[in-house]
Each structure stands twice: as C-alpha cells, then as structure tokens.
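K.L.:
Listed below are the residues making up each chain.
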Amino acid sequence: MKFIARHAGEEIPIEVERLASGYRVRVGERWFIVDLAEAGRFLRSFRLEDGTQLALIHHRDGTMHEISLADSTVHVDITDPLSLKRKRIEDEMGAGGAIRALMPGRIVRVMVHKGDAVRKGAGLVVLEAMKMENEIQAPTEGIVDEVFVEAGQTVESGAELVHIAAL
Amino acid sequence: MKFIARHAGEEIPIEVERLASGYRVRVGERWFIVDLAEAGRFLRSFRLEDGTQLALIHHRDGTMHEISLADSTVHVDITDPLSLKRKRIEDEMGAGGAIRALMPGRIVRVMVHKGDAVRKGAGLVVLEAMKMENEIQAPTEGIVDEVFVEAGQTVESGAELVHIAAL
Amino acid sequence: MKVLIANRGEIAVRVIRACRELGYSTVAVYSEPDRAALHVLYADQAMPIGPAPSRESYLRIDRIIDAAKKAGADAIHPGYGFLAENASFARACIDEGLIFVGPSAESIDAMGSKTESRQRMQAAGVPVVPGLTEPVRSFDEIAAFARNVGLPIMIKASAGGGGKGLRFVEREDDLHPAFERVTSEAQSFFGDSAVYAEKFIASPRHIEVQVLGDQHGNLLHIGERECTLQRRHQKVVEECPSPIVDEALRQKLGDMAVRAAKAVNYYSTGTIECLMGPDRQFYFLEMNTRLQVEHPVTEMVWGIDLVKEQLRVARGEKLALGDIKPSGHAIECRIYAEDPSRNFAPSPGLIRYMNLPQGPGVRNDNGVYSGYIVPVFYDPMLSKLICHAPTRADAIARMRRALIEYRVEGIETTIPFFTALMSHPDFAAAKFDTGFLDRNLAELTKERSGNGSVDAAIAAAAILAFEESQQVRLPENGDSPWKHAGRAEALKDRL
Amino acid sequence: MKVLIANRGEIAVRVIRACRELGYSTVAVYSEPDRAALHVLYADQAMPIGPAPSRESYLRIDRIIDAAKKAGADAIHPGYGFLAENASFARACIDEGLIFVGPSAESIDAMGSKTESRQRMQAAGVPVVPGLTEPVRSFDEIAAFARNVGLPIMIKASAGGGGKGLRFVEREDDLHPAFERVTSEAQSFFGDSAVYAEKFIASPRHIEVQVLGDQHGNLLHIGERECTLQRRHQKVVEECPSPIVDEALRQKLGDMAVRAAKAVNYYSTGTIECLMGPDRQFYFLEMNTRLQVEHPVTEMVWGIDLVKEQLRVARGEKLALGDIKPSGHAIECRIYAEDPSRNFAPSPGLIRYMNLPQGPGVRNDNGVYSGYIVPVFYDPMLSKLICHAPTRADAIARMRRALIEYRVEGIETTIPFFTALMSHPDFAAAKFDTGFLDRNLAELTKERSGNGSVDAAIAAAAILAFEESQQVRLPENGDSPWKHAGRAEALKDRL
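Protein chains in written order, with the numbering used here: chain A, 1 to 167; chain B, 1001 to 1167; chain C, 2001 to 2495; chain D, 3001 to 3495.
Worth flagging that the hints you see were computed from the coordinates, not collected in a lab.
Keep in mind that the hints are not guaranteed to be accurate.
With the C-beta cut set under 7 Å, the calculated list includes, among others, these residues of chain C facing chain B [stated by the list, open to error]: (1) 2035; (2) 2046; (3) 2371.
Cut-off 30 Å, straight-line C-alpha distance, at most; resulting in silico cross-link-like pairs (DSBU-like, lysine-lysine) [claimed, not checked]: (4) C:2199 / C:2431; (5) D:3325 / D:3252; (6) D:3446 / B:1131; (7) C:2325 / D:3199; (8) B:1120 / D:3446; (9) D:3318 / C:2325; (10) C:2446 / A:120; (11) C:2318 / C:2252; (12) D:3446 / C:2325; (13) C:2318 / D:3252; (14) A:131 / A:120; (15) B:1131 / D:3318; (16) A:131 / C:2325; (17) C:2252 / D:3318; (18) C:2069 / C:2318; (19) C:2069 / C:2002.
Idealized CB from N, CA, C, for every residue including glycine.
With the rest of the complex left out, here is chain A (with noise of 0.2 Å):
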C-alpha cells in the first residue's frame, strides 16, 4: 500500500507490505524489513532485520503520529496520496498570521495595538501561566490588523490572541 509522509517539511514517498511475519517498508528511497510489536497501550517494540532494537512511543491525532525514541521526537503525518491533495489546498488557505494561545493563562500584558507594524520576533503578548511570565513573539513581521485580548483576561488554550498581516 502507498502513502506520502510529512516530515520536517518534506513529503516521503512510503510503501507498506505485510510479510509472512513483519512487514517490509519502503521510506524514501530505502527499503526496511521491520518487526513491529505492542507493548501496552504506547509503547511498540521495533526490530530492524539486523537485530537493530527501538522502543518507541506512539500516538496519534488524525493522520499526525508522534513517535518518541529514547532522545527525540518525530511527528510525521501519513496521507494516502488522494487525501493530501486536499489538505494541500487548505494549507494555502490557511489562517496564516494568526497568533494563538499554546496553553491557558492570564493575559498580564498586551504590547502591541491595531495597526501596529511589527518585526519578526517583537513581544507581542505577555502570558502569564504556571507561575511564569511568558512573552508571545511575532512569528513573522507584518502589521497587527487585529488584537482580541486585553490585560486581566484570561484565555484557554488556542485562543486566537492577535492576528497579523503580512507586509
């Protein structure tokens, strides 16, 4: 069966064949004989043909799997080639400049007004959660178009915060 990864910004050409016992996989151009076993609800126990032993953890939101290794961790979306057609077309529709609430807090300060130009990395936000003060950044520069939180406020988590507009 074929599918196409996302990974980092690339897309991977993938195949997938079940074997007599384990599957054979190919990722890009190289081609794996792997053994894939559960261990629990998480964990996965995965074997390379030459004896090579990874235990991974895997979950998955959607067609997105974030597999950890011991030292790092991946996120790779796996889409038929039909279904990413689609979400390529969202992708450029996207909502772009808008700046978002990663995890629920109190607003302490807002640093920017409508119609402000900002510069890519200028503080935005300050969010403040788990007893630390975190200063939201503009991920790109542009002009502030819109601000939807005031200082005292408190937000949940993916709350749309401030929107920008690119230059």
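With chain A held as given, fit chains B, C and D onto it using these hints.
P.N.:
Chains B, C and D alone, transformed into the frame defined by chain A:
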C-alpha cells in the same frame, strides 16, 4: 438507589444517593458521606467527611468489583435485588465438585483414579507452571467420578482436571 | 504525631514519605483541581482549602490552620515555596499550639529581607556582594545604584526567592524595562513591589551550603551543593559535592555557613547561598530558611534524611547524626512539564503514559502519575530525578541511562534537554558558570536525530497507519500474529 | 564493547543498565513470547532464539552463540539461572572467541557438583555439613545415609541450585515420596536425576558471603547477606548486613569465603552459602559461581556495582575498588506474580496498571511494565524491591512505606505478604530461622482488613455501580462535576 452487596459470604443492603458534591451511601447499618474522584483509569481518590483519605484501585468484571487498598483487596458483588434472586438459583444448581486449572501449565502427574475416595486436602494432580510444581488438592472429601487429564498434557487456565462427587 | 503538609506536588509527597517512615500520620491539603493529586492520594487525611489560585488556597494561612485543627494535626510542614518562608505563618502555627516544622519566625524575618540579612551577615563577618542597603520602589534609585557600581547589576524582588522576580541587566537601555517587569512580578507573586539591586559578579558559580541545627544550640554544615546551572535564574541541575570545591574550601565554606546561621540563632534545615567567582572568592547571597528543592543530592551523598531531621528537630529532639561522611557523587535534574523545543513553554495536560527510570542508584521524587492531568495553575515540576554513583563521571553516565528510560507521553518535558546536557563536553568537564545554559541553549535544545532513527520512526508510523487501514491489530506479546480484532480499540490512543 | 545478555526478565534489564552506564552496547535474546519483554525494549539489538520453552530457547547454547556472532557481540553475560552455572556454555563462549562474563569453566565445574565441591572445601579447611560423598540414583543409598546420620535430612538434586529440586525429610514415611519427587524434578529441570543427601541443621540461619576476584589473583570478600527467610527453600527476603553477624564473625566468615573461593582459583563475582546454627557455628553449603539474585543489598550497603565489576574483571582489568566500607542497612523483597492468599499459586497474565514505589532509599530492579503480559513459561519474578537506610529499623519502615506505594492491578502479587512480614514483631527483632516463613505462613497470608476499610471499599464499589447505572461519569481532576460522557469508555477497565 438500592443494591445488594455480596462480600465474604454475607449479603449487605446498600443505598446510594447523590449529593450536590459527593454521595451519601449506606453500607448495612452505617451511613457514609463520600467524595470519589478518578485518578486515571484505575485509581480512585476516596474521601470521607472527616477527611479520611484512601487511594483505591478499582476493577470491575460484570457485577464483581475488585477494590484494592494499600494492604488488602476486597472482592464484592454489587447487584440490584432482582438480579440477585436469579444468581442464587444458579448457585444452587452449580457445578459443585469440578476442579479446574487456575493457570495454564503442564500436567506432571495425576495422583488419583476414577472411583478413588479422597479426603479434603488430598493431592489430585501436579501441575507445572512458572518453574514450580503445584499440587492441586481436593477442596472437599468425595469420590473422584471423572479424570479429564493425563501426565504430559498441557492445559489452559480454567480447564477441568478432575470431578469429585460429594459422598 | 499527625503532620499536616501545607503544600502540593512532589515536595508534599516527599514529606508524606518521611512521615510514613517515622510512623506519623499525614494530612494533605488541596485546592479544587488537586482533588486527585498524588499528595492527596498518598495522605491519610485530606482537607479542601479553596479554589485553584494559590492565593485563595495554598497561600491562605487561615484556611490551612483551620484544616489542621479540624484534622487534629499536631504539626505543620510547609515544604518549600508557598508559605515556607512566611514568618506570619510560622507565628500563626505557634499561636494555635501547632508545631511549625521549620526555623523560628525570628530567623525567617531576619533572613527574609535581603537588605536586613546583608547587614546582619556583614556584622557577623560573612562576605557579601556589593548592593543596595534598602529595598526601593523608584526607578531613580536603581538608576543611581547602577551608575555607582557600574553594570552589570541584578534587580530582584525584595520579598522574592526561588528564582522568581529577578532580572539581569547588562545594557543601560534594558534598565527601565527590567525594573518594570520585576516590580510587576514582585507585586503579583509576593504581594510587595519593593525591589533591590546588587553588583553582578562575572562568570560566577552558584555554590550553596546545607546547614542543620536543633533547638539546643547545636548547628552543623552538611557540605556544599553546586547549583550553577540555571536558566533564567532558575536552577535546573544540582550536584553534590561541587566539582570545584576541595576539602580545604569545603571547610571554609562550612565555617562561613555556620557563622551565618548562628548569627540569626538558626535551627532546622537551611541553606546559605553563595556566589563564587573564578578566583574562588565567595559572597553570601541569601539564606533560604527552609528545605531546598535540591536537598536530595545532599541526602544521597551524606546518607541522611533531611526531612526526618527537620521533623525530629521540630519536636525538640537533639541532633544525633553521629559521624557522617560524604560518599560518591549525586546529580539532580528537575523534570518539568515544559517544551524545550518551544523555548520551555509550559506544557500542562493529561499524562497518558509514563515509563519511570528504575534500577541501581536512581531516585525519583515524583509528584505525578500516569493518568494525571498536570494543572495550569502551579509550578510545572513533575519530578526530581537524582542519580548517585561513586564518581561524578559514573553519576553522569547513570543519569544519561535513567533519562533514556524516563518516557512521558501526552505532555512535553525537559527530559530531552537534560539528555543533551549530560552529553555536553563542558558539563562533563564541569566547565560552566551561571550563564552557561542561557548561552548554550540553542545547541542543547536543537532537534536530535540518531542514526536513521527518523526513518525508523516514519516506517513505524506508516505500518501503524497501514494496519489501521486494514482493520488489523498488531501482534501482542504471546499472541499469534495478525489476530483480527476490534481495530479502533487497539490503536486509538485515548484514555 | 558489545555484550549479549543470555537471559530475560529483571536480571537481563539489570545487566543492560550496567552496560549502558559503561557505554557498552547491548544485545538481548528472546523467545517467541518475549518479543515485547522489557529486556528486549531496553536493548540496542535483539535476537530471536526460539519458542517459549526454555530448553528450546534460553537453554540452547548453540542458538545463543549463533545470535552473538550474528550481532557481532564481544562478550556474553549469563545473568543467573538458565546457563549461568553451565561450564559447557562458558567453554563454548571461549571456544568461539567470546568473553564469558563469569568465572572460568574449571571453577564452575569444581563447584557445580555438590559432592566434588564438598571434598575440595574439606581439603581447604572449610567446615561442611555432614553428607553423602557421592551423588546417588538408588533409594537404598539415601535410606542408608538417613539411618547413619539420623533424620532430619535434606535430599537435593545433585545438579540443582537456586532452591529448585530439593526436599526436607523429617519422618521416615516421607523419605521415599521425597526421593521420588526430587528425582523427577532433577530430571525435568536439570536433565540429570542424580540426588544427594545431607544432615539437617536444626533452626539454622542461611548466611552467605559475597566474593569478588580478578584474573590476576586478587580476591576479596564484600561482607555477608542474611538469606534465612525462605519459603519452600526459596529465598524471599534478603538483608545486608546480617543482624546477627558482628565485626569479628564477619571477619571469620570472610576469611573462610576467600579460602573457599581461592581453592578453585575463582574470579568474577561468586557467593559462598553457609548454614549457621544457633551457636553461630557455620558450615559451607555450596558456592554459587555467578551473580546472585540478592546482589543489590550488598551493592547498596557497600556502594559498589557488582555487575560493572564483573564486566571489568571479564575484560581482564585488575580490581580497583579502593577502600570500601559498609554503610547502613538494606533489605530486598522479591516481588512475584503469585497469590499469597491461594498458597502462592502462580498468577500470570496482563498487568493492567502499576504504581511504582519511588522516593528516597528505594531501588526497584524491574523486569515488567504496565501493559505487559506476564507469561506462564518462566520464573514469576516481577521485580526486586530494595530499600536502604541508616539502620535496620529505618530500612524496615522504608520498605513498609514503599510496599504501600507499590500497587499492581490485573495479576496477584506477593506485595501483601511482604507488608504483613514487615510488620511482624519477630522480623523486627530478627528472631527467625529458615523454617520461620513456613511456620508462620497462615498468619502472614491471612486477609487483612484495616479499620472500616472493607466498608469503604464496598461503598466505593456501590458508587461506581450506581454511576454506571446512571450513565454518568465520575468527576475527573479539574473537571466540573457530573460531566456527562461516554460511560462505557470511562468505567470499563479494559486495555
């Protein structure tokens, strides 16, 4: 709501009422005010009105509840009064003297023959599991009226080994 | 004896463990979201003290004293943070006939004000860093001090501690914004906007000395800890002993610490924090009149239990440690619910799964469990991982091993950051100062990808997606392969 | 260096941990049902060696050597049990150019036969228990020996060890059935039906001495362990030091142990097992030419890592322990998948949930994890829980605390049995002999029910049944109460 709890051979009348926060529960003659919260899939945080706090592990299998405390485990069957009547009838018609394997293993030796009279505690079968030979003993005196296994055979958990008829 | 622990998280669990081993019963207190927190689960009694915000629960002296009386407690242990260094709380306990497991209110007062403590230390012949003699509220005074001693300086909340509410200022332009930020944090965290400034020692190390005293005038030091590795002035890794302190310097530091503590008639556990320049000159910074977060590294090396000693001293017993000697080396990593790859942004939420490090020389002082929801309201510490081994190199290797075993799924943690730090050559060589982490942060937090492990992860994800599309379950241990079963059950990762 | 571990379970994990800390890569071997066992998950490489039965996998010398060569291993660590005391295996490793992490095949041979080892010990002036001088296969010879020395006697599998294949005989009538049973077990476990008999010492204690030697003739003892508490001749609790051994006796035991080990030119770790009568006379019982299950109690008290020392010695390094001294007291409980309330019947199956003991002085050498299915084919040990503290009383209190934290759901374990034992006054007073557990088993395994805790448990079950009937979910931490949600999801306890 009323239930019957069956624990250690006794039948205990139970009543449960929901309060604004927590529950009011009658166990036999005693009333408790209880606060119960989930702490993950198995752990429960249990608190009485005076602050007494217990960490319980809960597992349910049908109407049987297994509640583990720090130093003991309580098995209790919670049913509504109607279902209980049906169960009682089943118990009376029950299989009585069937001796079953409590774990999978290998039969090392069969120590009785069909027709043998056995005392309570007499050795019936030796089962090897987890590197140990385990002697399975007669739970009651009686006559062996069936032997289902022979030496060398492997058995699954729950397999009937021997049947004893009451004297 | 019944002890109420006026705290939450790992330190409340730590104190409950000590009480249980001494045969004392324990009373937990909890805010609404902490109803099923680990410290509540492990206590013999649990008393509600209010809603989520600390100032309406864990900082409410009245409610905590009330809970203690309702539960019939004899003593209150404050842990660290919250009310641990609040002299009014210590007094309120005593007034209500409860034992306060800590020093006297007078000692807390004397050391609680950065300015008063400096004066008393100078009088006792303890070296201090040049700084303001009084807390101030106006920017002009800070500006004048900066002109006087020259930049860099530190601006700190006068009532602060534990690395909260302080800023380092190197450039004139940053002076005013820093003053504003510290004032704001001082007000919101400590209820007092007064600030204080001192000269900044270049390339310093942060060394601290553990002291322990009883109510009969006996007081001794129990070696030093190396706490130089800090991020935004918060300690993140601590060691015992310090790799740069030899026996002669240890004796000098210990004598200074005992002199400092005796100057305020100290008893219970306490810590004298010092800055040490590259010339090994040390300066008194402040005294923490409580148990320290990093106390376990001292415990493992010196073979003592500081919490049990606190409890014994609080009951009026005399110190009876005998002839204790340090042995081996211990390192502590503070495991936080923070995402190192997103500038350590807090990462609260549901812990879906945890694999804990176990085995020789590993101690994990935990405050959470699998299935716990890390709340957004409090400190993000999940646990303290401490490793002990005969030498520093062995302890680092053991910590690296333990970090590989420690896996958390559901939230992000600082584990990958520590894994990178334990492999850094400058850490191995103990070549660092207090600015080390902030300078090397990019290198320590960059995404790592072992040999081909990204490809392996992608292959695993692809197989799992494939199996899902085929409605087939993975073979489980012992199962015959390709057993068909309810797919949705087997692969959907939800609780 | 790359090390293959020819074992499974907690000891394979223990060896992997030591290798990882030394920077060696590791190769696990596994039978079919062990594909997702913890020792496989923690290894760098994993090699299949056959189906479930040990004799077709973990006892297959050819397959293990083959796996080592395929994986490119330099050395093989045998753990304990399986092939650990098999001289042919040690020889096979050497023949194939692999380092065997253990003593020489000659030492294993010399100590492997109970009868030969007794002869060599007697020649070396080591005291032994009166017994047969040769293994026998006929009942008549056993009967003659019993008449000669008088009952009670012990009958043991000549090729046995680790408490398997032995029987105590007190009454003449039991002599023949015991002989038959031991012969049968000897054949099935060790492939050799020869048995051996010896005089039984009344009310003895089981004391053993740890030795460690290198390949350059250096050999030393590292104190004794108290292993008196046994059930059906299987150790269940071990301590270091022994509460009845003083410094003078320790020296005598140590000298004896070094003499015994030197008599067979021993190197690597080994243990001299002794019986000690109430008069403190001790008799050599056997030497275990391998790592001992209970090695962690020695490690915690003496501050060393015996597995790392084994690996260093195996590479030809000289011992360099420096001046080591014992400190404090350590106790180990072997946590088994057995049901104490059903005469310790094995309890294999799925571990649905585990809460692990953590915090100061607690070491858990684990071999399993939450979600693991304990297989029926092997030893039922889940983990070894070891607690260390300054005194024996402190260590017992700490063990009691750790056992309260240790919870396993899905299978039965020996945890409740140990909880009862830790509270037994005779255990606290160290008043026991090897028959103590079997004599007190009823008391130690009776159902306990704390003050009203049965009522509390019933109340909890009733609430959960009530909520289920109402299709309402329990409030979770942080949730507003009585949130309505998919009930079946929340309360059905399945994986």
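K.L.:
Take the hints in turn and mark each one as holding or not.
P.N.:
Hint by hint, here is what the structure shows:
no.: 1; hint: 2035; verdict: holds, 5 Å
no.: 2; hint: 2046; verdict: holds, 4 Å
no.: 3; hint: 2371; verdict: holds, 2 Å
no.: 4; hint: C:2199 / C:2431; verdict: holds, 23 Å
no.: 5; hint: D:3325 / D:3252; verdict: holds, 17 Å
no.: 6; hint: D:3446 / B:1131; verdict: holds, 25 Å
no.: 7; hint: C:2325 / D:3199; verdict: violated, 46 Å
no.: 8; hint: B:1120 / D:3446; verdict: holds, 20 Å
no.: 9; hint: D:3318 / C:2325; verdict: holds, 27 Å
no.: 10; hint: C:2446 / A:120; verdict: holds, 20 Å
no.: 11; hint: C:2318 / C:2252; verdict: holds, 25 Å
no.: 12; hint: D:3446 / C:2325; verdict: violated, 44 Å
no.: 13; hint: C:2318 / D:3252; verdict: violated, 38 Å
no.: 14; hint: A:131 / A:120; verdict: holds, 26 Å
no.: 15; hint: B:1131 / D:3318; verdict: violated, 38 Å
no.: 16; hint: A:131 / C:2325; verdict: violated, 38 Å
no.: 17; hint: C:2252 / D:3318; verdict: violated, 38 Å
no.: 18; hint: C:2069 / C:2318; verdict: holds, 27 Å
no.: 19; hint: C:2069 / C:2002; verdict: holds, 11 Å
Hints 7, 12, 13, 15, 16, 17, counting from the list given before, are not met by this structure.
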